[in-house]
Structures are given as structure tokens and as C-alpha cells.
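Student: Sequence:
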Amino acid sequence: MGVAISLSETGRTTSQDGSGVSVSKPGEAGLKALADYLASDMLACNQVIVDRMQSPVALIPQLAAHLVAAGGKRLRPLLTLAAARMCGYNNQDGRMRHVEIAACVEFIHTATLLHDDVVDDSQLRRGLASANAIFGNKASVLVGDFLFARSFQILTADASLGVMAILSAASATLAEGEVMQMTTQNDLSTSVDQYLQVIYGKTAALFAAACESGAVIGEATPEQREALRLYGANLGMAFQIVDDALDYAADQATLGKEVGDDFREGKVTLPVLAAYDAGNEEDRVFWRRVIEECDQHPGDLEAALDRIAATNAIGITLKCAEDYAAKARENLSMFPESTLKNLLLETASYSASRER
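Residue numbers (full-length UniProt numbering): 1 to 356.
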């Protein structure tokens with residue numbers, strides 16, 4: 001008998017007997033439909049990724065193969081491909097530029113994942129042992145550097161100063177976001193605005209750049225380019241906010257990484273801020289001990305989950321994510337009706353309702 005996992009707004013995962021049948025939420029179906037719609041482009045993009053990961057240094061393709069085998073949503077390159085197509089790009093230059101730039105976006109993203117897993121000492125990624133757990137921290141950092149270098153090569157070959165400016169700025173913002181997160185770690189005086197700045201930097205900036213780069217390749221108008229940049233930014237915000245909720249409300253097998261990682265590291269995310277704000281003094285003493293002092297004992301994660309459930313912190317967090325997803329959908333209002341537009345609207349819904 002199969003079990004379908006769903007995210008409860010009260011703060012815990014709930015399971016329902018699915019009799020072996022997995023039922024997708026509408027957003028998840030929309031994301032799959034987007035991938036299916038762009039299947040030929042994505043196939044070409046995956047081939048570029050595999051080709052560009054090759055190196056005579058054996059450890060590089062070996063570690064890269066581990067990353068490819070782990071799969072992933074490939075959402076960021078999909079957004080680049082979709083934005084380019086929606087703005088009229090049809091390979092008229094014969095170069096498949098949108099495919100190359102989509103691969104570049106994925107390299108930037110993967111490089112940051114390799115570095116982040118080392119910084120966070122993560123042992124799981126997409127349900128498998130993380131690269132640093134298998135190959136070690138040094139190899140992971142260096143292969144991450146290699147992927148950044150490959151992305152620079154792709155950008156140079158594309159020779160678009162506009163795209164280069166967008167993705168180089170996003171790469172810098174990603175690093176700033178991670179440093180900002182480090183400075184807010186273990187600090188419950190962090191404001192919600194500061195938290196939102198962190199997640200824009202570490203996640204949403206690359207979503208925005210992925211969409212804007214596609215728009216530039218499609219020779220979009222300035223208004224279309226800005227609309228797609230904002231769509232990506234708001235989608236990325238919703239995506240990361242849900243990611244932070246899942247760390248306290250998901251099933252580990254469904255999530256594909258260790259539940260409670262953020263808690264153990266003392267990261268200050270929206271579920272914690274919401275629970276801390278809504279809790280009583282006893283709750284706040286608990287949060288200060290486990291987050292600010294990182295004085296954690298067996299059973300503290302379960303106690304944190306109870307407090308998050310009691311204060312509806314997950315419901316508050318998911319409402320914030322849905323607000324950003326609604327903004328993302330509104331950002332597409334200027335575009336005429338099309339299959340691709342509808343799929344991007346569904347993708348925005350997915351970002352606020354996903355379960356992994």
C-alpha cells in the first residue's frame with residue numbers, strides 16, 4: 001500500500017493511504033507538463049551539461065556523474081528555456097543559445113549546492129549521499145569551482161554582455177546571500193525583512209536571472225524582460241520559503257534530505273521566527289537555548305516541531321509563500337494567453353505547494 005505525503009498547515013506532515021497511487025498536486029502536474037513541453041530543449045541542455053562536465057582529471061567527471069545521477073528538478077534551466085521561448089526565440093541564429101545559457105544557469109546552481117553542502121556539512125542531497133559525504137569536502141569545493149569556471153566559458157562563448165552581466169551579478173548575489181545567512185545564524189533578533197533579504201540572495205536571485213537571461217536571448221522588450229525577472233524573483237522567494245517550511249514539516253524520504261538540518265545548524269528561518277513571535281515566554285526560552293546557544297538535547301527537535309505546530313508557524317510560512325506565488329502569477333499578466341504562459345502560471349503554484 002502506498003502512502004501519499006501532504007503538508008499540513010498545522011505544522012506536521014500528514015499521510016493518507018493512497019492504495020499505491022501517487023496523487024500529484026496541480027502545481028506538481030504543471031511542473032511536469034512544463035518539462036514535457038520543453039522536453040527537446042531540456043534533452044539538449046542535459047547533453048550540454050554532460051559534455052561540459054568532462055575533464056581529463058578523472059575525479060571531476062566522476063563526481064559530476066554522481067550529481068547527474070541524483071537528478072533534480074532542473075527548474076532554473078527550465079525557466080531560462082521557457083522565458084526565451086515565450087519571448088519568441090526559435091533558434092533563428094542557429095546556435096541554440098537558450099540551451100547553452102540554461103546549462104550555464106544549472107552549473108552556477110550546482111556549484112553553489114556543492115559549496116553549501118560543505119559549509120552546512122550536509123550528508124544527504126536529493127535522497128542520496130551528498131557529494132562531500134562521498135568524495136570529501138576538498139573535492140566538492142574544487143569541483144564546484146570547476147563548474148563556476150565552465151559557466152564563465154559558456155558565457156564568454158555566447159558573447160552577450162547583457163546575459164553575462166545578469167548571471168555574473170547573480171553569482172555575486174548568491175555568495176552574498178550565503179554570507180548574510182551566516183551572519184543571521186543563531187540570532188533570533190533577525191527581522192522578517194532580513195530573513196527575506198537572505199533568501200532573495202541565496203535563492204531567488206538566480207531564479208530571477210534565469211528568467212531574465214532567457215528574455216534577453218528572446219530579444220524581449222524592456223517591459224517583458226522586467227516582468228520575467230520579477231516572475232523569477234517572486235517564484236524563487238516562494239520556493240525557498242516552502243523549502244524552509246519543509247525542514248520542519250516534511251517526511252525525510254519525501255524531502256530527499258535530512259529533516260531538521262536548519263534546526264540543528266541554528267538557522268533562523270520563517271517557521272522559527274513565526275513560532276518565536278507567537279510563543280509564550282517558556283517557548284522563547286526554549287528557542288533561545290536551541291537556536292541562539294545551539295544547546296540542543298535529544299528530543300529537542302520533536303519539542304520544536306510541537307511548538308511550531310501549536311503556533312501555526314507552518315501555516316503562516318505557507319501563506320507568505322503563496323503571497324509570493326500570487327505575485328509571480330500577476331507578473332505574467334502582460335503576456336498573451338498561450339500554453340507556455342499557463343504552464344508558467346502552474347509552476348508558480350507549484351513553488352508554493354511542493355512537498356520536496
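Simulated from the structure, these hints should not be mistaken for laboratory data. Just to be clear, a hint being listed does not mean it is correct.
Straight-line C-alpha distance at most 30 angstroms; calculated DSS-like pairs for lysine-lysine [said to hold, decoys possible]: (1) Lys327 - Lys138; (2) Lys73 - Lys319; (3) Lys32 - Lys73; (4) Lys32 - Lys138; (5) Lys73 - Lys327; (6) Lys327 - Lys341; (7) Lys73 - Lys341; (8) Lys341 - Lys138; (9) Lys319 - Lys138; (10) Lys341 - Lys319.
Derived Cβ-Cβ restraints for the label pairs, each shown as a range [what the hints assert, rightly or not]: (11) Ile134 - Thr156: 29 to 39 angstroms; (12) Asn91 - Glu223: 23 to 33 angstroms; (13) Gly136 - Arg95: 35 to 45 angstroms; (14) Pro222 - Ala159: 15 to 25 angstroms; (15) His297 - Pro222: 54 to 64 angstroms; (16) Met96 - Ala169: 46 to 56 angstroms; (17) Asp193 - Asp261: 18 to 28 angstroms; (18) Ala303 - Ala133: 21 to 31 angstroms.
Virtual Cβ for every residue (Gly too), placed ideally from N, Cα, C.
Student: Checking one constraint from the list: CA of Lys73 to CA of Lys327, max 30 angstroms. Satisfied?
Tutor: holds, 22 angstroms
Student: Is 29 to 39 angstroms a correct range for the gap between the Cβ atoms of Ile134 and Thr156?
Tutor: Given a distance of about 31 angstroms, which is inside 29 to 39 angstroms, the answer is holds.
Student: Confirm or reject the claim that Gly136 and Arg95 have a C-beta distance inside 35 to 45 angstroms.
Tutor: holds, 38 angstroms
Student: Can the suggested window of 15 to 25 angstroms be confirmed for the beta-carbon pair Pro222 and Ala159?
Tutor: holds, 21 angstroms
Student: Quickly compare the C-alpha distance for Lys73 and Lys319 to 30 angstroms and report which way the hint goes.
Tutor: It holds: about 23 angstroms lies between the C-alpha atoms, which stays within 30 angstroms.
Student: Quick check on a hinted range of 54 to 64 angstroms for His297 and Pro222, using CB atoms only.
Tutor: For His297 and Pro222 the Cβ distance comes to about 56 angstroms; the hint holds.
Student: Given the range 21 to 31 angstroms, decide if the beta-carbon distance of Ala303 to Ala133 lies inside it.
Tutor: holds, 28 angstroms
Student: Tell me if the beta carbons of Asn91 and Glu223 are separated by a distance inside 23 to 33 angstroms.
Tutor: holds, 24 angstroms
Student: Does Lys341 sit within 30 angstroms of Lys73, going by the straight-line distance between their CA atoms?
Tutor: holds, 19 angstroms
Student: For Lys327 and Lys138, compute the direct alpha-carbon distance and say whether it is at most 30 angstroms.
Tutor: violated, 40 angstroms
Student: Can you confirm whether the C-alpha distance between Lys319 and Lys138 stays at or below 30 angstroms?
Tutor: violated, 40 angstroms
Student: For the pair we were handed, Lys32 and Lys138, check the Cα-Cα distance against 30 angstroms.
Tutor: Measuring from Cα to Cα gives roughly 35 angstroms; hence the hint is violated.
Of the hints listed earlier, those the structure fails to meet are numbers 1, 4, 8, 9 and 16, in rising order.
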